[in-house]
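Protein chains: 2
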Amino acid sequence: MNDTAPARGFPRAEYEARAERARALMTAHELDALFVTSEQHVRYFTGFDSQFWASPTRPWFVIVPREGELIAVIPEIGGQVMAQTWVTDIRTWPAPVPEDDGVTLLADVLSSLPRRFGRIGAEMGPEMVLRMPAADFLRISETIAPQAFVDGTPVLRALRGVKSPAEIDKVRHACQLTSEAFLALPEKLHVGMTEWEACRDMRVEVLRRGADNSPYMMGVAGQGGYDNIIMGPTQKIIDKGDILIIDTGTTFDGYFCDFDRNFAFGEPDDAAKRAHETVWNATQAGIDAARPGATTTDLWRAMAAVLEKAGSLGNNVGRMGHGLGMQLTEWPSNRPGDDTPLVPGMVMTIEPGMEFAPGRMMVHEENIAITEDGSELLTIRAAKEMPVVE
Amino acid sequence: MNDTAPARGFPRAEYEARAERARALMTAHELDALFVTSEQHVRYFTGFDSQFWASPTRPWFVIVPREGELIAVIPEIGGQVMAQTWVTDIRTWPAPVPEDDGVTLLADVLSSLPRRFGRIGAEMGPEMVLRMPAADFLRISETIAPQAFVDGTPVLRALRGVKSPAEIDKVRHACQLTSEAFLALPEKLHVGMTEWEACRDMRVEVLRRGADNSPYMMGVAGQGGYDNIIMGPTQKIIDKGDILIIDTGTTFDGYFCDFDRNFAFGEPDDAAKRAHETVWNATQAGIDAARPGATTTDLWRAMAAVLEKAGSLGNNVGRMGHGLGMQLTEWPSNRPGDDTPLVPGMVMTIEPGMEFAPGRMMVHEENIAITEDGSELLTIRAAKEMPVVE
Numbered sequence: 009m010n011d012t013a014p015a016r017g018f019p020r021a022e023y024e025a026r027a028e029r030a031r032a033l034m035t036a037h038e039l040d041a042l043f044v045t046s047e048q049h050v051r052y053f054t055g056f057d058s059q060f061w062a063s064p065t066r067p068w069f070v071i072v073p074r075e076g077e078l079i080a081v082i083p084e085i086g087g088q089v090m091a092q093t094w095v096t097d098i099r100t101w102p103a104p105v106p107e108d109d110g111v112t113l114l115a116d117v118l119s120s121l122p123r124r125f126g127r128i129g130a131e132m133g134p135e136m137v138l139r140m141p142a143a144d145f146l147r148i149s150e151t152i153a154p155q156a157f158v159d160g161t162p163v164l165r166a167l168r169g170v171k172s173p174a175e176i177d178k179v180r181h182a183c184q185l186t187s188e189a190f191l192a193l194p195e196k197l198h199v200g201m202t203e204w205e206a207c208r209d210m211r212v213e214v215l216r217r218g219a220d221n222s223p224y225m226m227g228v229a230g231q232g233g234y235d236n237i238i239m240g241p242t243q244k245i246i247d248k249g250d251i252l253i254i255d256t257g258t259t260f261d262g263y264f265c266d267f268d269r270n271f272a273f274g275e276p277d278d279a280a281k282r283a284h285e286t287v288w289n290a291t292q293a294g295i296d297a298a299r300p301g302a303t304t305t306d307l308w309r310a311m312a313a314v315l316e317k318a319g320s321l322g323n324n325v326g327r328m329g330h331g332l333g334m335q336l337t338e339w340p341s342n343r344p345g346d347d348t349p350l351v352p353g354m355v356m357t358i359e360p361g362m363e364f365a366p367g368r369m370m371v372h373e374e375n376i377a378i379t380e381d382g383s384e385l386l387t388i389r390a391a392k393e394m395p396v397v398e
Numbered sequence: 009m010n011d012t013a014p015a016r017g018f019p020r021a022e023y024e025a026r027a028e029r030a031r032a033l034m035t036a037h038e039l040d041a042l043f044v045t046s047e048q049h050v051r052y053f054t055g056f057d058s059q060f061w062a063s064p065t066r067p068w069f070v071i072v073p074r075e076g077e078l079i080a081v082i083p084e085i086g087g088q089v090m091a092q093t094w095v096t097d098i099r100t101w102p103a104p105v106p107e108d109d110g111v112t113l114l115a116d117v118l119s120s121l122p123r124r125f126g127r128i129g130a131e132m133g134p135e136m137v138l139r140m141p142a143a144d145f146l147r148i149s150e151t152i153a154p155q156a157f158v159d160g161t162p163v164l165r166a167l168r169g170v171k172s173p174a175e176i177d178k179v180r181h182a183c184q185l186t187s188e189a190f191l192a193l194p195e196k197l198h199v200g201m202t203e204w205e206a207c208r209d210m211r212v213e214v215l216r217r218g219a220d221n222s223p224y225m226m227g228v229a230g231q232g233g234y235d236n237i238i239m240g241p242t243q244k245i246i247d248k249g250d251i252l253i254i255d256t257g258t259t260f261d262g263y264f265c266d267f268d269r270n271f272a273f274g275e276p277d278d279a280a281k282r283a284h285e286t287v288w289n290a291t292q293a294g295i296d297a298a299r300p301g302a303t304t305t306d307l308w309r310a311m312a313a314v315l316e317k318a319g320s321l322g323n324n325v326g327r328m329g330h331g332l333g334m335q336l337t338e339w340p341s342n343r344p345g346d347d348t349p350l351v352p353g354m355v356m357t358i359e360p361g362m363e364f365a366p367g368r369m370m371v372h373e374e375n376i377a378i379t380e381d382g383s384e385l386l387t388i389r390a391a392k393e394m395p396v397v398e
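First to last, the sequence lines map onto chains S and P. For the first sequence, the positions run 9 to 398 when our numbering is used. For the second sequence, the positions run 9 to 398 when our numbering is used.
A couple of the hints might just be wrong.
[As the list claims (entries may be wrong)] Result set (DSBU-like, lysine-lysine): computed pairs, CA atoms no more than 35 Å apart in a straight line: (1) 248(S) to 317(S); (2) 196(S) to 244(P); (3) 281(P) to 248(P); (4) 281(S) to 392(S); (5) 196(P) to 244(S); (6) 248(S) to 392(S); (7) 196(S) to 196(P); (8) 317(P) to 248(P); (9) 244(S) to 196(S).
If you are wondering where the hints come from, they were derived from the structure by calculation, not from laboratory data. As the structure is a prediction and not an experimental result, all values here were calculated from the model.
Excised from the complex, chain S in its bound form:
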């Protein structure tokens, strides 16, 4: 592997810097506090990292005041482990108590915050989910008046959209180990196996190389090209003439890679070969266009020009890549009208795709980080020609 595994976790200074940036952004957006409920935002601000979020039973709340220290309002089961983070103000209740699952405790905390703008930013906008009962959120909204919840998305996007070097190290490591696993995979692939078996073998391969897990391991095959990129793997047997795409979101220490590779089972026909070369070239055009000052729309245009010239019939994905980090997909999107300026520290997927014949798609994807003067490729670049498996 080109890199060694980065240290797990972050130094305290990283969390202090996040809180400082958050406070400055809150002032600019006239917020008295950020109120977060989701796995990624609780982890972003506190460092609390647990698989326990897989259980939807208990809500967890963190408040980042514009003035003052972080406050965690959490179930008792998490009190002791939250105390191992840098957070010192921890208030717990014996969850689950559906009659009042932290509602009174949380309303008290929010009501006692230093008040200047009367606005508290919550996860209310695009790509955000309020991970708590909506009925409780509405009840708290009434209780804390005249303070009001407003959409905190602009602040959360600005914060998480620009990654620190330590964050990029983790994404790079996920990208590198997954790239190596993809390079080793053809040895395991063979005509007559199922899509499911191919994805299982890839899962085992990334685990062996140090991945924590693969929340996303999509695989779909079709004669001369697949017909979608969101539904596999199934128990379908991969036949000679099939093209298999595996697209994976594999994690290391809470950070994702998100990219794909195509495999030809038997020698691909000319149309499939040309399609792969086209999406490879479009990916290269996207990578080459990525630099500070360019926008997400520029990336989209650079890729679209290559696809159109090659006769793309279009696609139904709605964009050609997106932000990447603590989640498989993050703001922004490479699409017309997005117009987000790229700045150093952004991590993006470059993901052109097209239907090149009716019912036959080809999609390709790499991951990059925006640098001071261009971009760094985080994945190991795919070969221009698909690997052929017998």
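Please build the complex by placing chain P on the supplied structure of chain S, with the hints as guidance.
Quick look at chain P alone, frame taken from chain S:
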């Protein structure tokens, strides 16, 4: 393995039966429709099964009217694959379009529903998450007046709380293959490995035996007992005298098992041995108490009696088991005051735990299905004595 892998998916009749039950419950709860946004509820009603939910970018909506057929209001990327389910009324938009991500389309559909009660049930209550921008939900709430969103949790709980035989088959299969993996695991475990390596080996073991993935694979070790059950695995090296617990939510075809096993590294001391025997006996008491007519509170009492008699110092988990199915944890909870009557078709975890000395916990868990006259053990019962690893 005691069972063979059940067929994937469900026959159309299963979805028709779900919709029929939903309509009857809607009438009883005075709802004109159910409106769902989450992976599990979209899958429950439509059969649409995709890993694509890992991306938070696009909202997906399904409406189950009290009168009339299901309506899917979804991103264009999903239109073709949704058409392969039993749903025929599919309306798409070219997501992502943050300016109007399905909001207008959805509001039109909701406004044109047959109206009798003026109430639409949404995922607003305990253990539910509205998977869409909260700001959009509030905007739609205003648009559709005089129709009102109300909490649809009672209907969704009643539906999903009682599983069909085909659903239980999938949970049983996840339980069985994971039990076998746990039985094979000691061969891979050794003093000097990390918690992370032990969990990785268990992940590989369940994948080899046909699991789809393990969204939850928690492992934590400590001298004579662990001090929490939500934070591992870490890079901590497991030492002689440590007790390791691995607790896993492993899936087959979209259904979870959720149970744990304890492993002693070197001969455990008497206190740890006694603690394991106590939680084993408490589990047995819970299993023995499970039958139609008993309540979740009865299960809790049966387990608590065994723990208290053995001198438990208590625990911070807040309950001793819960429902299980499409999610790692589901309604109801085995806790005082829950008082949910058990009925045939419920699938429950039986999960007593205690701190038996300061900083030393022991937790045990099995999975059962409630039958007409008692319960069926879905897991392969753990041995009363912990396996000892050298």
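Hints, verified against the model:
Restraint check: the Cα-Cα separation between residue 248(S) and residue 317(S) comes to about 29 Å, which is no more than 35 Å; the hinted pair holds. Proposed proximity of residue 196(S) and residue 244(P) is supported: the alpha carbons are some 32 Å apart, at most 35 Å. Between the alpha carbons of residue 281(P) and residue 248(P) the distance comes to roughly 15 Å, so the proposed pair stays at or under 35 Å and holds. Between residue 281(S) and residue 392(S) the alpha-carbon distance is near 9 Å, which keeps this suggested pair within the 35 Å criterion.
Under the criterion of a C-alpha separation no larger than 35 Å, the hint pairing residue 196(P) with residue 244(S) is consistent with the structure, at around 32 Å. For the suggested pair residue 248(S) and residue 392(S), the alpha carbons sit about 21 Å apart, so the restraint of at most 35 Å is met. For the hint pairing residue 196(S) with residue 196(P), the CA-to-CA distance comes to about 23 Å; that is within 35 Å, so the pair holds. Note on residue 317(P) and residue 248(P): the hinted pairing holds, with a Cα-Cα distance of about 29 Å set against a maximum of 35 Å.
For the given pair, residue 244(S) sits about 17 Å from residue 196(S) by alpha-carbon distance, which is consistent with the 35 Å threshold.
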